[in-house]
Structure formats: C-alpha cells, structure tokens
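These are the residues of each chain, in order.
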Amino acid sequence: MSETNETIKPVVGLEIHVELATATKMFCRCRNRFGDPPNTHVCPVCIGMPGVLPVMNRQAVEYAMKVGLALHCTVAGFTKWDRKSYYYPDLPKNYQISQYDLPLSADGFLEVPLPDGTTRKIRVRRAHLEEDAGKNIHDKASHTGVDLNRAGVPLLEIVSEPDMNAVEEVLAYARAMQRLVRWLGVSEANMQMGHMRFEPNINLHITRGGRTFKTPICEVKNLNSFRALERTVAYEIQRQHAEWQANPEGYSIDKVGKENRGYDDEAGVTVFQREKEEAHDYRYFPDPDLAPVLVSDEWRGGLAAQIGELPLARRARYMERYALSFKEADALTQDAPTGDLLDTAVTDGADAKRCANLLLGRGAAIANDRGYSIAEVGVTAGQLAELAKMLSGGEVNATAADKIFVKLAETGGSPRQVAEAEGLLAVSDAGQISAWVDQAIAANPKAVEDVRSGGKSQKKAFGFLMGQVMRLSGGAAAPAEVQRLLQQKLGS
Amino acid sequence: MTSILDLSAVELRDAIACGELSAVEAARAYLDAIERTEPRVQAFNEVHADRALARAAQIDADRAAGKPLGPLAGVPLAVKDNLCMTHGRTTCSSKMLAEFRAPYTATAVAKLEDAGAVVLGKTNLDEFAMGSSTENSGFRPTRNPWDLSRVPGGSSGGSAAAVAARQCVAALGSDTGGSIRQPAAFCGIVGLKPTYGRVSRFGLVAYGSSLDQIGPLTRDVTDAALLTRAIAGHDRRDSTSVPRDVPDYLASVNKPIEGLRVGLPGEFFSDALDAEIGAAIRAAAGAYESAGAKLVDVSLPHSRIDRDADGKLSSYAVACYYIVAMAEASSNLARYDGVHYGHRTAEKVEDIVELFSRSRAEGFGPEVKRRIMLGSYTLSAGYYDAYYNKALKVRRLIQNDFDRAFEACDVILAPASPTPAFRLGEKTSDPLTMYLADIYTISVNLAGLPGLTVPAALGRDGLPIGMQLIGPVFSEETLFRAARMYEQAGGVRRLTPPAMAP
Ligand SMILES: [Zn+2]
Chain A
1 MSETNETIKP VVGLEIHVEL ATATKMFCRC RNRFGDPPNT HVCPVCIGMP GVLPVMNRQA
61 VEYAMKVGLA LHCTVAGFTK WDRKSYYYPD LPKNYQISQY DLPLSADGFL EVPLPDGTTR
121 KIRVRRAHLE EDAGKNIHDK ASHTGVDLNR AGVPLLEIVS EPDMNAVEEV LAYARAMQRL
181 VRWLGVSEAN MQMGHMRFEP NINLHITRGG RTFKTPICEV KNLNSFRALE RTVAYEIQRQ
241 HAEWQANPEG YSIDKVGKEN RGYDDEAGVT VFQREKEEAH DYRYFPDPDL APVLVSDEWR
301 GGLAAQIGEL PLARRARYME RYALSFKEAD ALTQDAPTGD LLDTAVTDGA DAKRCANLLL
361 GRGAAIANDR GYSIAEVGVT AGQLAELAKM LSGGEVNATA ADKIFVKLAE TGGSPRQVAE
421 AEGLLAVSDA GQISAWVDQA IAANPKAVED VRSGGKSQKK AFGFLMGQVM RLSGGAAAPA
481 EVQRLLQQKL GS
Chain B
1001 MTSILDLSAV ELRDAIACGE LSAVEAARAY LDAIERTEPR VQAFNEVHAD RALARAAQID
1061 ADRAAGKPLG PLAGVPLAVK DNLCMTHGRT TCSSKMLAEF RAPYTATAVA KLEDAGAVVL
1121 GKTNLDEFAM GSSTENSGFR PTRNPWDLSR VPGGSSGGSA AAVAARQCVA ALGSDTGGSI
1181 RQPAAFCGIV GLKPTYGRVS RFGLVAYGSS LDQIGPLTRD VTDAALLTRA IAGHDRRDST
1241 SVPRDVPDYL ASVNKPIEGL RVGLPGEFFS DALDAEIGAA IRAAAGAYES AGAKLVDVSL
1301 PHSRIDRDAD GKLSSYAVAC YYIVAMAEAS SNLARYDGVH YGHRTAEKVE DIVELFSRSR
1361 AEGFGPEVKR RIMLGSYTLS AGYYDAYYNK ALKVRRLIQN DFDRAFEACD VILAPASPTP
1421 AFRLGEKTSD PLTMYLADIY TISVNLAGLP GLTVPAALGR DGLPIGMQLI GPVFSEETLF
1481 RAARMYEQAG GVRRLTPPAM AP
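Keeping their order, the protein sequence lines are chains A and B. Going by this note's numbering, the first sequence opens with residue 1, and the numbers climb by one from there. Going by this note's numbering, the second sequence opens with residue 1001, and the numbers climb by one from there.
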C-alpha cells in the first residue's frame, strides 16, 4: 500500500425523535393535535402553571413499549421520570420531563432493508419517552410568540449506535424507522407535521499509511426532512474530509472532541454553532411528582403479543407464499393496513398476484396523487377480492378492472354493480364477438395472410388481429373468447 | 356566655347545624376579630370578607331549606397563601407572584369548601414556604400572638398565628420540613403533617415536591381529626396521592389506645434541646405512663444531633433535608422567569437571558435565591453524586431507622423544636442557625411519615411549648388517639394568648 493510499469510513449514529399519536398529551388530558390555531390545546398542566401536577398517560408508555419491543430492546421492568433543566421560552416549566439513566427500552436493533435488497442490522442503544416542548413563532417584528399546543406531546427519542457507514444506510435506517412506527400504529410519522426529527452524529475514520485518524464527532440538531438528513450527512463527510486534509493532526477527535453544527437548508450546508457552557449541564434528577413505572411481565407480554408480523417478515412471506417480486412485496409492506388489505382479500379466495397488481397499479397511482398510503385509497378488502375474482374468471379484462378500481375508490359500491353500470363487463356472447372477428378479418387481409401462411410473422400477426378485435369491442370482449373464435375462423 | 370565638370547629359546626348560631354570625365574629387583631398580628395576605359572608349566607339558606349540611358547614377557616384558589391571588408571599391568580383551586381547599367550610382569606408565609419564622415573607413578617416581639414560626406562620389569635377556627398549612408543626408549637396549637401521599398536593405551589404535604392547624386534636378526614384521600390529579381509604378519624379520636407503646429517641434528648422543653416532654411522657402507656427507648442514629467544639449543632438529617429540598426547589421555581410566570423586570434588557436573570433577581427574596443557587449547585454535573445522590442514601438510612424504631413502639414522642418562639431578627443574619429550627421535624418529612404537634405546656416566660408525636405511614388515626389521650390526661388544650382574648 502506498503512502497516499487512503480509505475513508464515515461513522454515523442517529437520534430520531418520534411524536407518538396518542389521543391526549403525555401528562395531561389536552388533545394531541397538530395544525390548530396556537394555544388551543393547552391546560394548566401542559403550560406548567404553579401548583399543578403531571399525570402519566398510559397509552404513551404502551406505544413506546411497543416500539421498544419491535426493536428487540430490553424493556425495563423499572423505569422512572427525570427532569431535564434548561431555560427556554418554549419550555413552560423550564424543565422537560424525560428519562435519563433508566430509559424505557435499551439494547435493541433494527433490521434495515438496503436498496440492493440486502439488510443490515443497526443497533439501537436506547429509546426513551419525554414530553415535547412548544414552538416559538417569529412572525412579528416586535416580539416572539410561543405556541404551546405541542408542549407535552409524547416524544420517543430513539438513539442508535454509530453503526452506519454511508449516506444510503442512514437514509435507509431513517425510512425503516418511519415504516416501523407507522406499522405499529404509534405515530403518523409525517415529516411535514414535524412528527419525526433527526439528529445525526457524524465523524470519519480515515486510514492512511497504516495510521487511523478520527475526525471530531459533529452533531447536527433538528433536521426535519429526509432530504435535509441526506444532504447533511453527505455534506459532513465531504467537509470533514476537507478539514482533515488541511490539518490532519489538529482536526481530530482527541483535540477537538465534539462539535455542534446547524443545518442551513437554503445553502445545503452545516454551520458551526457555539454552545453556551451552561447548556451542557441539564441538572437531571428524578421527577418527584411522578411515580416510577413498573412494567410487569404480563403487561410487556400483552403488548408483545399485539405487535404481530413486522415489515421484513411480511415482505419475505409475500415473496415466498404469494410469489411476488421483491419490488412488489416491498411496496406492499410500506405500512401495515395495505398488507392487511391484500392478506384479507387472499383469505377471501382472491388470487394474490391479481390483487397485488390492482393495488400497485391504480391503487398506488391514486395513493401517490393524494399523498397517502394505498390502504387509504378507500377500496376495501371485500371489493378487492371480488374484483380480482372477476378478473380471474374473465368477467372483466385488465383495462376494465382498472377503471372499476378507480370508480370504487371514488364512489364505492360493489365491483359487479360498477361494472354493470359502466358497461365494463366483458362481452362473452359468441355472436357479438364473432361479428367483431369477421370485421377484423375483412379489414386486415395482410395479417390474415401472415397467420394462414404459418411463417415467421404468424404469432405477431395473430396478436395484431386480437388487438384489432379488442379495439372494435371497445375493450369489452372477453379475450379468451376472442382468441378461440379467431383461431377457429383462421383455421390456425 | 362563651364567645363564638371560643368554640372549636366541631362545636361550631354543631351549633350551626342545630340552629343555635348562624354561619353568617360565625363568619362575622371572625371577620371582626381579624379587623381587631390583624394590625398587631399581620397573619393575612388577603381577607375575602365578602365572599366569606356570601358563602356563610348560602349555608344558612341551605339549612333553612332543609338541605343536608357538610361536616364543616359554616366553619370559618384560613388558607396558607401557597394553596391556589380561583378567588383572589395566590402569592406565596413572594413579589414574584404578587399578582398571580390561579384558574383552579387546590384539591384540599376544594374539599374543605365542599364540606361547607367558609374560607376567610389567605395567610402569610415565608416566601415560597422557605423559612422557619415567616420573616422571609416578601411582604411583611407575621408576629406571634403570644408575644408580638417574637416570630410565629414558619413557614405556615400566618396560619398558625391566625388560629392562635382567634382570627379563624382552624387553617390549612403546608409542611416540607416542619412548616406546620414548628409554627403550631410556637403558637400553642395543634398541627398535623400527614403521611406523604395522604393529602393531594394538587394546587399547592411546590417547594420540595417529595417532602411537601398539606395539613391542618387547629385549636385541638379533635378538630385536627375533623379537618384531616375532610382533606385526605386519593386525587387523580396528583399521582403521588395514595389510593387508600380514609378512616373516620373523628369517630375514633376519643378512644384511648390500650397498651400504647411510646418511643423516646435518645438522640432527640441531647444537650441541644432547651432544658425547659426537655422537661416538658419528659413530663408528657410521665403523663402517658400514668395513663397506662408503656415508655420505650428507641434510637434514630441518622437523625442524631451533634454539637461541635464551638457549640454549633449539626445533623445528617438537616444536611440531607436541605440538599433534597433545595434541589427540588431549584427546579420547581425555574418557571418564575418573567416570561412564563412571575414578575418581569421593567428595565431594558439586551436579550432573553438578561430578561430571565433580571426578573428573577428582582422577584425573589434572598433566602429563595440562596436555596435556588444551592439546589442548582448540588444537581450540577460533577457534584450530583457527592451531594444529591448521597443525600438520597442518607434519606434511606433515616427511613430505615424509623422502620426499626416502629418495631418497638407505636408512636415516637419528640420535641417539635429546639427552643420556644424566638425573637424577630434573632436568627435572620445566620441562615444556618435558622435551619436548625427544623432539627426535630425534618426527618419526619424525609421518611414520609405523619407527625402531629400538640401543646405540651406553657413555659416560664409565658410561651407555649409543643411536643411532637410521630407514627408509621398512615397511622394518623393512632396519632390523633394518642394525642387526645394526652389532652385528657391533663395536658394543655385550647390555649389562648392573653393579648388576643376577645
Ligand atoms: Zn394540557
């Protein structure tokens, strides 16, 4: 190896903050809702008025436990609440109720599907619950407003080990986590609504000339889109490398330690942030207002039983049992309800492949347009099963089935009624089809000749004539019947 | 004829219930008394005369209409001003909260009002309940009705002085390290710090959350039983309140306890104790023995009080208490920053940090600042283990001592304070000496136990001397019965300061 031969290994850990979709906030009974006018979901408890006390929301703890269990974490039998102190206008009590040394869940992992079809295990160090802060609103020149609707919303902070070594892995992990929490039904994980926020820790291990150099670990706070996460990690890798090259001995973890950086979305770069000394000391101590949480085996077991099949297991099952491709199976396991739709239709006796085609064809197109999941398009498992069966039985053709699917999504009803009302049922009446076949034969002597001569172009010419008949029928002729009559009349 | 002001809460509600007296008459008698004695005592931050009279009139109307009356119907009470009420202000005797109006009422106060009590007003305290003399009030000191040159104790000094001065029949206070029991002792009345979790803390402005309890200050033990019954019980708005049935303390209070074992902790009867107080407590022990109780020596080694070469007192319990309470206080009081809550500076400021610090510097008094600073320090990285964590370990040892002691006895008899009421200004220059006023009461808070102070005797210079009965958790019933035994065995009861007689 030459002196200049250099390998760069990015080392990335990720903290993911997930807002849980509980009905009410973490320690009071205010509604947990995004997007309403400022300070419409507040009460003395979540705005920290003197003399009021927090009361734990059991649903939030259960949601957090489900995530912990799905991440193969050890869910502690004893966990407690701690106060994390810092002064900030959006933090009503000037302390945040969080979990410090005894998190609800610890030591797990997430099996992350990578773009190449393989998976990678990313270890999860801990996942703890805390209350979210409010939001400062800087829309006036004269003063800053504070919206406390978000204050007290349950927030799950999931901290990974520094197990990711490429931008793609970081993204895949973040997306897999989004899929998991949606799958478990514990968060909408909607990026626009701030349900998920990222804080990556990034540094480089650079090997040159038999020596390994480690750049300082940079933490970038509050990234609220996958794009920002991707750009941040990519930028940091390049920036840290450049800084190290300029100063290989000085720009090191031993000399600099840890740096905090902020992400500038417009420029797509990160910028150094000077931390105030006191910001490092959160003066954690156990919150005396809340009893510790004791998790019994029974409670834990009951929740574990509710979790069921996780995305990757389901994807493997679809490939094996339903003979779907990796791409199809992956697309149908982005969220639990879409797969449930497929599974129920198959249980109803429908063909899995046909159901999958319907869901991934029109279903995915509609879902994509409207920005929600396939399951939310509005077609039920019963409708899906009936439509797939009509397709299998030749009662409708693929084109008609697509039209019916769209209609079902728009107005509902039964696939058969829709097909009848819209005239989409396949015509299998031999007399009618026979007339179209005759018409096609008469109009295309060259193709007829090709079929009859049995030459190289026979197959292609037959296909062409099939197409002509279908066109004459307006797509309504049952293809099997067309084929039969065409073969009969051409004597092929 | 006995004056209305001579009646206990039980006697007053009985008189109102049978029509001998109207609730309005009772309320008026007390409002008049307040008017007469308040300039000297200064027990109240705010008197709610109109509301009290309106509520009393409502009780009289209910009675006339034949409606059932609550167990405290028409009883005029006072409430310590760190308990929130939707009526009036809740100031905690701090400039910081001088204008704070709560949109909710503390559960304990609401329960008293539901039982028919008539709240006359809010009483003075050491700012945010931090102090042992009520001299730390951000507004003005309250004076001891027995001797106006002396303090009423603290932090519930306003409530204790108001009860002793006959400005109300009874009052609510809060006790974090002795803040009910010590002023009750200084003012010659009865005060209970219930078991931690017995009474909901909802609506009590927090000082040391793991230590704070609300309790009654009354003329006699029977009234304390009545009020405790009314305020105790689980509250879903306070997760630390315990779901456990509340006994009818009043029904059993007159039943003496057969074979009562009274424990005397050797550590509490050292030379740190005022000789006269020591003698009074030993006399009380003798009275118990005469009444058939058995005296047992017990030991509370971690509550021991030492005296160093310079004569200065010290105690693990005091050190432990101040670390725990100040740590919690530093966090509980963080929200008073002029942005979220509390006084906001009128000065021009550069940034939010200056706004926070200036507002806090102006709004808090020196003792509160001292405790916030010490508490912040003990929780800081690098000091946490040496202070806060160690204090938690000592707290556990103190609890273990009590557990062991209660294997040998049913109640512990102890002093309530090392001296009788001291003079205003006597200890203000030395906070550490002031902290020692709680030396006999704080270990009870650290252990979460109930403690009841009752008058033991009147001392040579005419000042009341209190004694304290301590029991295992949820033994309030035993404490009331044991204290009542002492009242019946010739103990002092319903002392009236001569200067306050109507
Ligand atoms: Zn709320």
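Honestly, I wouldn't trust all of these hints.
What follows is a list of derived Cβ distance ranges for each label pair [said to hold, decoys possible]: (1) A/194 <-> B/1067: 27 to 37 angstroms; (2) A/34 <-> B/1066: 32 to 42 angstroms; (3) B/1038 <-> A/194: 32 to 42 angstroms; (4) B/1380 <-> A/291: 18 to 28 angstroms; (5) A/29 <-> B/1245: 55 to 65 angstroms; (6) B/1310 <-> A/247: 30 to 40 angstroms; (7) B/1270 <-> A/144: 51 to 61 angstroms.
30 angstroms max Cα-Cα, derived DSBU-like pairs, lysine-lysine [said to hold, decoys possible]: (8) A/135 <-> A/258; (9) A/80 <-> A/140; (10) A/121 <-> A/135; (11) A/80 <-> B/1348; (12) A/84 <-> A/221; (13) B/1427 <-> A/84; (14) B/1369 <-> A/140; (15) A/84 <-> A/255; (16) A/80 <-> A/221; (17) B/1369 <-> B/1427; (18) A/255 <-> A/214; (19) B/1369 <-> A/80; (20) B/1390 <-> A/80; (21) B/1348 <-> B/1369; (22) A/460 <-> A/446; (23) B/1255 <-> B/1294; (24) A/84 <-> B/1390; (25) A/389 <-> A/407; (26) A/80 <-> A/135; (27) B/1312 <-> B/1390; (28) A/403 <-> A/460; (29) A/258 <-> A/121; (30) A/403 <-> A/389; (31) B/1427 <-> B/1312; (32) B/1095 <-> A/84; (33) B/1095 <-> A/135; (34) B/1393 <-> A/84; (35) A/121 <-> A/9; (36) A/389 <-> A/353; (37) A/135 <-> B/1348.
None of these hints come from the bench; they were simulated from the model. Quick reminder that beta carbons are idealized off the backbone N, C-alpha and C, glycines included.
Now the hints, each set against the structure:
{"no.": "1", "hint": "A/194 <-> B/1067: 27 to 37 angstroms", "in the structure": "53 angstroms, violated"}
{"no.": "2", "hint": "A/34 <-> B/1066: 32 to 42 angstroms", "in the structure": "53 angstroms, violated"}
{"no.": "3", "hint": "B/1038 <-> A/194: 32 to 42 angstroms", "in the structure": "55 angstroms, violated"}
{"no.": "4", "hint": "B/1380 <-> A/291: 18 to 28 angstroms", "in the structure": "26 angstroms, holds"}
{"no.": "5", "hint": "A/29 <-> B/1245: 55 to 65 angstroms", "in the structure": "26 angstroms, violated"}
{"no.": "6", "hint": "B/1310 <-> A/247: 30 to 40 angstroms", "in the structure": "59 angstroms, violated"}
{"no.": "7", "hint": "B/1270 <-> A/144: 51 to 61 angstroms", "in the structure": "58 angstroms, holds"}
{"no.": "8", "hint": "A/135 <-> A/258", "in the structure": "27 angstroms, holds"}
{"no.": "9", "hint": "A/80 <-> A/140", "in the structure": "40 angstroms, violated"}
{"no.": "10", "hint": "A/121 <-> A/135", "in the structure": "35 angstroms, violated"}
{"no.": "11", "hint": "A/80 <-> B/1348", "in the structure": "42 angstroms, violated"}
{"no.": "12", "hint": "A/84 <-> A/221", "in the structure": "17 angstroms, holds"}
{"no.": "13", "hint": "B/1427 <-> A/84", "in the structure": "35 angstroms, violated"}
{"no.": "14", "hint": "B/1369 <-> A/140", "in the structure": "34 angstroms, violated"}
{"no.": "15", "hint": "A/84 <-> A/255", "in the structure": "29 angstroms, holds"}
{"no.": "16", "hint": "A/80 <-> A/221", "in the structure": "26 angstroms, holds"}
{"no.": "17", "hint": "B/1369 <-> B/1427", "in the structure": "18 angstroms, holds"}
{"no.": "18", "hint": "A/255 <-> A/214", "in the structure": "10 angstroms, holds"}
{"no.": "19", "hint": "B/1369 <-> A/80", "in the structure": "29 angstroms, holds"}
{"no.": "20", "hint": "B/1390 <-> A/80", "in the structure": "19 angstroms, holds"}
{"no.": "21", "hint": "B/1348 <-> B/1369", "in the structure": "22 angstroms, holds"}
{"no.": "22", "hint": "A/460 <-> A/446", "in the structure": "12 angstroms, holds"}
{"no.": "23", "hint": "B/1255 <-> B/1294", "in the structure": "17 angstroms, holds"}
{"no.": "24", "hint": "A/84 <-> B/1390", "in the structure": "20 angstroms, holds"}
{"no.": "25", "hint": "A/389 <-> A/407", "in the structure": "17 angstroms, holds"}
{"no.": "26", "hint": "A/80 <-> A/135", "in the structure": "26 angstroms, holds"}
{"no.": "27", "hint": "B/1312 <-> B/1390", "in the structure": "23 angstroms, holds"}
{"no.": "28", "hint": "A/403 <-> A/460", "in the structure": "28 angstroms, holds"}
{"no.": "29", "hint": "A/258 <-> A/121", "in the structure": "26 angstroms, holds"}
{"no.": "30", "hint": "A/403 <-> A/389", "in the structure": "15 angstroms, holds"}
{"no.": "31", "hint": "B/1427 <-> B/1312", "in the structure": "14 angstroms, holds"}
{"no.": "32", "hint": "B/1095 <-> A/84", "in the structure": "27 angstroms, holds"}
{"no.": "33", "hint": "B/1095 <-> A/135", "in the structure": "29 angstroms, holds"}
{"no.": "34", "hint": "B/1393 <-> A/84", "in the structure": "22 angstroms, holds"}
{"no.": "35", "hint": "A/121 <-> A/9", "in the structure": "18 angstroms, holds"}
{"no.": "36", "hint": "A/389 <-> A/353", "in the structure": "11 angstroms, holds"}
{"no.": "37", "hint": "A/135 <-> B/1348", "in the structure": "25 angstroms, holds"}
Violated hints, listed in ascending order, are 1, 2, 3, 5, 6, 9, 10, 11, 13 and 14; each of the other numbered hints is respected by the structure.
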